[in-house]
Amino acid sequence: MIRPAKFGYNEETAKSNSYQKNDNTPIEEIHQRALKEFDHVVLTLKHHNINVLVIEDTIEPHTPDAIFPNNWLSTHENKIFITWAMESPIRRLEIREDILRKLETVFGFNKEYNFQHYIEEDGLALEGTGSMVLDRENKIVYACLSSRTDIQLLSKFGVLMNYRIIYFTAVDQNNKPIYHTNVMMALGEKLAILCSEAIEDPEDRAKVIRQLEYNDKTIVDINLEQVSHYAGNMLELRSEDLTRYMIMSETAKKSLSQEQIESITQFSQIITVSIPTIQKYGGGSIRCMLTEIFHG
1 MIRPAKFGYN
11 EETAKSNSYQ
21 KNDNTPIEEI
31 HQRALKEFDH
41 VVLTLKHHNI
51 NVLVIEDTIE
61 PHTPDAIFPN
71 NWLSTHENKI
81 FITWAMESPI
91 RRLEIREDIL
101 RKLETVFGFN
111 KEYNFQHYIE
121 EDGLALEGTG
131 SMVLDRENKI
141 VYACLSSRTD
151 IQLLSKFGVL
161 MNYRIIYFTA
171 VDQNNKPIYH
181 TNVMMALGEK
191 LAILCSEAIE
201 DPEDRAKVIR
211 QLEYNDKTIV
221 DINLEQVSHY
231 AGNMLELRSE
241 DLTRYMIMSE
251 TAKKSLSQEQ
261 IESITQFSQI
271 ITVSIPTIQK
281 YGGGSIRCML
291 TEIFHG
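Its first residue numbered 1, the sequence shown is counted upward by one per residue in the working numbering.
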């Protein structure tokens, strides 16, 4: 997790992220609220015996979205980490060599793949586990195509890491393209959170559902209104004692029906965190704040 140095609204990312909102609140007030929310998330995770590595953001360069590191960095089995092609020039500044070196030192990562040059040279973006929802066990990546999720780079990732690609297009309740797959979809070991109505093409929708069912995922189907409350932006984590937790924002939890909550708690205990400032101005929720570390 990256503790922000100056969190705030990013006009560049707002062009493709319809969930970001802005108002006349002073920048420093927004930042201080976000810091309190961030620190509370860290304490909550640690309270549930979940290991957290917190790295401080830097004042310069100014990176208002640094709190969302899962977009520029992902880690994988066999000591591999990948840095991604970020659409926003400001967000490309988040990629830090010192963080990569720390991962090497602390966790033993020794192989790096770099997708950054694709955005600089060809204008092609792929934004990590925002763009891609990974079924790591079954080697499948689910991806909603957008300006931030390019099919060519998805294919390159599939070849590189031996993943099958299942892609589709999706829209929000205002018929605008959904910019990141993890806004509308989340996967747990036995569970899949999915907004099937967001997937425009009936054949694509059926393909996604069929694959999830084939892999024995219990599907909790959320609607577009719940997506707007970040109900798709969840992440399943394991604690030190291997308890499974599904972490979500309070906004997301409040949008769920009792039946949906019961379906989730069959497989994972629910952890909720209050992050309204981060969601409002950043246009992302708790899943975006967490870069998982796979180092087996």
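Be careful, since some hints might not be right.
In silico DSS-like pairs for lysine-lysine, Cα to Cα no more than 25 Å straight-line [to be verified]: (1) Lys-139 x Lys-176; (2) Lys-176 x Lys-6; (3) Lys-6 x Lys-21; (4) Lys-6 x Lys-46; (5) Lys-36 x Lys-253; (6) Lys-46 x Lys-21; (7) Lys-36 x Lys-46; (8) Lys-15 x Lys-46; (9) Lys-280 x Lys-36; (10) Lys-254 x Lys-36; (11) Lys-176 x Lys-15; (12) Lys-111 x Lys-176.
Ranges of calculated distance between the beta carbons of each label pair, as one might list FRET restraints [to be verified]: (13) Asp-221 x Thr-243: 34 to 40 Å; (14) Leu-100 x Lys-36: 35 to 41 Å; (15) His-62 x Lys-207: 40 to 46 Å; (16) Val-106 x Asn-24: 39 to 45 Å; (17) Ile-55 x Glu-250: 40 to 46 Å; (18) Leu-100 x Arg-238: 32 to 38 Å; (19) Leu-43 x Phe-267: 33 to 39 Å.
I should point out that these hints are in silico values taken from the structure, not numbers from a laboratory.
The C-beta atom is built at its ideal place from N, Cα and C for all residues, glycine as well.
For each hint, the structure was consulted:
Under the criterion of a C-alpha separation no larger than 25 Å, the hint pairing Lys-139 with Lys-176 is inconsistent with the structure, at around 29 Å. About 29 Å separates the Cα atoms of Lys-176 and Lys-6, which puts this hinted pair outside 25 Å; it is violated. Between the alpha carbons of Lys-6 and Lys-21 the distance comes to roughly 17 Å, so the proposed pair stays at or under 25 Å and holds. Taken as a hint, the Lys-6 and Lys-46 pair is honoured in the structure, with Cα atoms around 24 Å apart against an allowance of 25 Å.
Our distance criterion of 25 Å between C-alpha atoms is met by Lys-36 and Lys-253, whose separation comes to about 20 Å. Note on Lys-46 and Lys-21: the hinted pairing is violated, with a Cα-Cα distance of about 30 Å set against a maximum of 25 Å. A threshold of 25 Å between alpha carbons decides the hint, and for Lys-36 with Lys-46 the separation of about 16 Å falls inside it, so the pair holds. At roughly 35 Å between alpha-carbon atoms, Lys-15 and Lys-46 are farther apart than 25 Å, so this suggested pair is violated.
With a C-alpha separation of about 15 Å, the suggested pairing of Lys-280 with Lys-36 holds against the 25 Å cut-off. For the hint linking Lys-254 to Lys-36, the alpha-carbon distance of about 21 Å falls within 25 Å, and the restraint holds. For the hint pairing Lys-176 with Lys-15, the CA-to-CA distance comes to about 11 Å; that is within 25 Å, so the pair holds. For the suggested pair Lys-111 and Lys-176, the alpha carbons sit about 38 Å apart, so the restraint of at most 25 Å is broken.
Separation of Asp-221 from Thr-243 is about 26 Å and departs from the stated range, judged on CB atoms against 34 to 40 Å. Against the hinted window of 35 to 41 Å, the Cβ-Cβ separation of Leu-100 and Lys-36 comes to about 29 Å, which falls outside the hint. Judged by the Cβ atoms, the range 40 to 46 Å given for His-62 and Lys-207 holds: they are separated by roughly 42 Å. With their beta carbons about 42 Å apart, Val-106 and Asn-24 fall inside the hinted range of 39 to 45 Å.
Between Ile-55 and Glu-250 the Cβ separation comes to about 25 Å, which falls outside the hinted range of 40 to 46 Å. Taking the beta carbon of each, Leu-100 and Arg-238 are about 24 Å apart, not inside 32 to 38 Å as hinted. Separated by about 25 Å at the C-beta atoms, Leu-43 and Phe-267 break the suggested range of 33 to 39 Å.
In summary, the structure is inconsistent with hints 1, 2, 6, 8, 12, 13, 14, 17, 18 and 19 from the numbered list given earlier, while agreeing with the others.
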